Amino acid sequence: MRDAYLIGAGQSDYGSFPGESYRSLFRTAFENACDSVPAGIESEDVDEAIVGTLGVGGRQLGLPGPAVTEHVGLHGIPVTRVENACAASGYSVRQGVQAIRSGMADVVLASGVEIMTDVSGDAVRYWLGVSGETEWERLSGTTFAGVYAQMASRHMQEYGTTREQLSHVAVKNHENGAKNPHAQLGFECSLEDAMGAPTVADPLNLYHCCPTTDGAACVLLASEDVVENYTDDPIRVAGVGAGSDRVGLFQRDTYTAVPASQYAADRAYEMAGYGPDDLDFAEVHDCFAIAELMAYSDLGLCEPEEAGEFVASGTTKRDGEMPVNTSGGLKSKGHPIGATGAGQVVEAFKQLSGQAGERQLDDPQIGLTHNVGGSGGAAVVHVFERGLGGDAA
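End of the sequence shown = 393 in our numbering, gap-free, step of one.
Source of the hints: derived by calculation from the structure; they are not laboratory data. Everything numeric in this text was worked out from a predicted model, so none of it was measured. Beta carbons are placed, not taken as given, at the ideal position from N, Cα and C, and that holds for glycine. Treat the hints loosely; a few may be bogus.
Okay, the calculated beta carbon distance ranges per label pair [to be verified]:
#1 G121 with M271: 21 to 27 angstroms
#2 E305 with S43: 24 to 30 angstroms
#3 S43 with G121: 36 to 42 angstroms
#4 G141 with E228: 39 to 45 angstroms
#5 Q360 with Q98: 19 to 25 angstroms
#6 E188 with G19: 47 to 53 angstroms
#7 S102 with G76: 16 to 22 angstroms
#8 V226 with G76: 15 to 21 angstroms
#9 E321 with S190: 36 to 42 angstroms
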């Protein structure tokens with residue numbers, strides 16, 4: 001099958017935007033993605049589009065894909081809406097790669113959009129809850145913070161993880177987000193700030209939880225047959241992996257790992273021919289601080305019992321041995337549910353093309369994105385490398 005390449009990526013600002021609509025945020029992301037293509041691209045070049053969204057608040061639950069693609073001038077092309085909770089647009093990127101590898105399309109727009117801040121707090125909790133296990137967990141009053149708090153408590157019990165180590169995740173990601181002009185919470189915080197914040201669901205406090213966010217992100221993919229029309233510095237989609245698991249945490253065999261992430265990572269590494277030791281950076285799904293610690297071990301970056309020290313030691317800082325969430329992650333950059341996975345790919349594109357500004361790493365060649373739906377019912381992992389394949393430039 002043909003290789004797929006990342007030729008452009010862009011996003012809107014993430015935050016709360018009362019004056020914007022889901023269409024206007026999508027347009028901003030689409031225009032930024034088109035502007036990022038080195039040799040330029042025309043709307044007529046796009047063969048297909050995939051749009052990830054949950055539809056928080058109930059807006060445009062039917063046909064949200066054509067509602068945004070027609071708005072930006074992609075007339076008449078096939079458009080698919082993907083809903084996989086917080087992993088929606090990570091899966092839209094996966095479907096875009098599949099369309100190219102199968103020969104069905106040469107240029108694909110993979111994207112996501114969500115508006116979350118124009119409804120009440122109770123309504124937001126309801127819409128977040130629809131991606132949890134609805135028959136038992138949600139109806140018994142469990143929230144997502146409560147579910148991840150159970151994971152954190154068990155991680156502490158099994159591996160000795162501490163609140164201070166959880167807080168190091170927030171400090172690191174805010175340090176990175178403060179250098180990201182698109183970030184919702186673009187400010188630094190001290191360890192004391194992160195440890196002293198109000199409790200949300202014990203042991204998680206406010207700084208251990210990501211915000212609710214408005215935003216959109218777009219990724220442009222091209223086949224090996226046409227990639228040279230758009231760039232002479234290609235970024236290959238080297239590996240793609242996806243996995244699923246029981247939706248309810250109470251149904252699983254472990255509270256200290258996300259098996260869907262492990263399945264996805266194993267498949268992505270196998271396809272890419274790379275392993276965790278080959279990565280120069282990773283964007284992982286840190287909806288809660290404990291989620292980032294579990295991602296370290298689920299992706300093979302360290303053992304589960306090492307995760308707390310892995311972050312506290314500075315290993316995952318921007319100048320560390322294995323930078324994680326240079327964008328600021330969901331914690332600082334923000335988490336517009338349907339756009340999060342594509343937004344992670346935006347950061348991978350910027351890092352691999354040398355356009356990450358103050359966050360830029362030193363000549364990265366291989367990067368990974370990791371996107372999780374709900375508390376782990378779905379996950380998708382992508383591995384990207386500079387060059388045409390096999391021998392990253």
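Now the hints, each set against the structure:
1. Taking 21 to 27 angstroms as the suggested C-beta distance range, the pair G121 and M271 does not conform, at roughly 41 angstroms.
2. The hinted window of 24 to 30 angstroms between E305 and S43 is violated, with their beta carbons roughly 51 angstroms apart.
3. A hinted range of 36 to 42 angstroms for the beta carbons of S43 and G121 is consistent with their spacing of about 39 angstroms.
4. Judged by the Cβ atoms, the range 39 to 45 angstroms given for G141 and E228 is violated: they are separated by roughly 56 angstroms.
5. For Q360 and Q98, the hinted distance range of 19 to 25 angstroms is not satisfied, since their beta carbons lie about 31 angstroms from each other.
6. For the hinted restraint 47 to 53 angstroms between E188 and G19, the CB-CB distance of approximately 28 angstroms leaves it violated.
7. Against the hinted window of 16 to 22 angstroms, the Cβ-Cβ separation of S102 and G76 comes to about 21 angstroms, which satisfies the hint.
8. Take V226 and G76: their Cβ atoms lie about 20 angstroms apart, and the range 15 to 21 angstroms holds.
9. Restraint check, E321 to S190: a C-beta distance of roughly 24 angstroms breaks the suggested window 36 to 42 angstroms.
Violated hints, in rising order: 1, 2, 4, 5, 6, 9; the structure is consistent with all others.
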